[in-house]
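Undergrad: Top line first, the protein sequences correspond to chains W and F. Counting from 8, one number per residue, gives the positions in the first sequence under my numbering. Counting from 8, one number per residue, gives the positions in the second sequence under my numbering.
Honestly, I wouldn't trust all of these hints.
No farther apart than 25 angstroms at their CA atoms in a straight line, the calculated lysine to any residue pairs in the SDA-like style are these [to be verified]: (1) W:LYS64 - W:THR84; (2) F:LYS177 - F:ASP131; (3) F:LYS46 - W:CYS83; (4) F:LYS204 - F:GLY189; (5) F:LYS177 - F:ASP89; (6) F:LYS46 - W:GLY119; (7) W:LYS47 - F:CYS83; (8) F:LYS177 - F:PRO208; (9) W:LYS46 - F:ASP98; (10) W:LYS46 - F:PRO29.
Hints listed in this document are in silico derivations from the structure and should not be mistaken for laboratory results.
Number of protein chains: 2
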Amino acid sequence: MAQRGVAGPEIERLIQLLSRLPGLGPRSARRAALHLVKKKETVLAPLAQAMGEAADKVRVCSVCGNIDTADPCMICTDPRRDGSTIIVIEDVADLWAMERAGVLNAKYHVLGGTLSPLDGVGPDDLTIDRLVARVAAGGVSEVILAMNATVDGETTAHFITDRLAGQGVKISRLAAGVPVGGELDYLDEGTLAAALKSRRPF
Amino acid sequence: MAQRGVAGPEIERLIQLLSRLPGLGPRSARRAALHLVKKKETVLAPLAQAMGEAADKVRVCSVCGNIDTADPCMICTDPRRDGSTIIVIEDVADLWAMERAGVLNAKYHVLGGTLSPLDGVGPDDLTIDRLVARVAAGGVSEVILAMNATVDGETTAHFITDRLAGQGVKISRLAAGVPVGGELDYLDEGTLAAALKSRRPF
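Here chain W stands alone, though its shape is the one from the complex (with noise of 0.2 angstroms):
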């Protein structure tokens, strides 16, 4: 932080407050800061203004979990989602990923973490009983379940899937393998066994 009083204490309040985002240490906050006060027109203003519309209109879906300036968001609401399938991921920036892999046009509920008892999180903590409730409901015929691969994703899972039982939906799960791109050597066991368990014909 800039110290001995040398910017004001705008400037200073300005990089405490970059400095907590993900991704941006002290050092980096100070840059940042920087830049927004010598580009006030371009940068700072418009930056400010689209912060504070954000904050005014952005809430959270209630039937998914997404994050959206609409409630129920837009992806709930667009006529052309296949809502018979819904991928069920830990968090909004999941959420994100899949759109930007842009493989399936299904939608989503989003849990809000993963069982944790370590870390103090139950059910109820997470959105379990309103996806239950949403497969209840009707009309959907597949969940994917699209957890991280930790171990914390695979208890989650399972949990879900014991809740889902005996309503006739399909559940299923992400494929495990090498990643596009990967390179065995670099590929931990865990992966390259899971990787040979799930060999498909060439």
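Please arrange chain F on chain W, whose structure you already have, making use of the hints.
TA: For chain F alone, coordinates are given in the frame of chain W:
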């Protein structure tokens, strides 16, 4: 960027503006935007407000070129600062770096860059005239040229030295040598040569 209109236009615009900040690429801009909209009350709103205030209040000091909310800036008007020494730096970021080092209680002069014929930067694009006028106004005994140790920095230092000739002011440069904690093996030949040439009695 989130695609196919997953997030509302307000969030898209936020991501786009954030990705223009130094140190933030498209990916980290998305992460930062998501963090912001998820923590609307505690992170987004305060940052939007801080940016708005900075946009309103920040200005360039008409004396030294520093960026502050006051003009002249806090350093120029600080009675505890020794105005007889002026440290000349290229950029406000360098001023902040000097203040973090906190060695000299001097005043500053921000050039706004270096002479660079290739990039079309001439003396009139920098605040050299204003520096000469500050020195001519009296009360200055030493000018420390603290430009970056680059070819353009050197050229600019020589140019300023010529312009200040005959004003009876002492002109000095930053020492060149081994950085604190630096290992000889990793230093370039130029630095080693400079460190040898400026060797000190032990």
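Undergrad: CA of LYS177 (chain F) to CA of PRO208 (chain F), is that 25 angstroms or under?
TA: holds, 24 angstroms
Undergrad: Taking only the CA atoms, is the gap from LYS64 (chain W) to THR84 (chain W) under or equal to 25 angstroms?
TA: holds, 17 angstroms
Undergrad: With the threshold set at 25 angstroms, check whether the alpha-carbon distance from LYS47 (chain W) to CYS83 (chain F) stays at or below it.
TA: holds, 22 angstroms
Undergrad: Is the hinted pair LYS177 (chain F) and ASP89 (chain F) satisfied, with a Cα-Cα distance of at most 25 angstroms?
TA: holds, 15 angstroms
Undergrad: Are the Cα positions of LYS46 (chain W) and PRO29 (chain F) separated by 25 angstroms at most?
TA: holds, 12 angstroms
Undergrad: Would you mind confirming whether the straight-line C-alpha gap from LYS46 (chain W) to ASP98 (chain F) stays at or under 25 angstroms?
TA: holds, 14 angstroms
Undergrad: Would you check the hint for LYS177 (chain F) and ASP131 (chain F), treating anything up to 25 angstroms between C-alpha atoms as holding?
TA: holds, 24 angstroms
Undergrad: Is the straight-line distance between the alpha-carbon of LYS46 (chain F) and that of GLY119 (chain W) 25 angstroms or less?
TA: holds, 13 angstroms
Undergrad: Are the Cα atoms of LYS46 (chain F) and CYS83 (chain W) separated by 25 angstroms or less?
TA: holds, 22 angstroms
Undergrad: With the threshold set at 25 angstroms, check whether the alpha-carbon distance from LYS204 (chain F) to GLY189 (chain F) stays at or below it.
TA: Status holds; Cα separation ~17 angstroms.
Every hint from the earlier list agrees with this structure, and none is contradicted.
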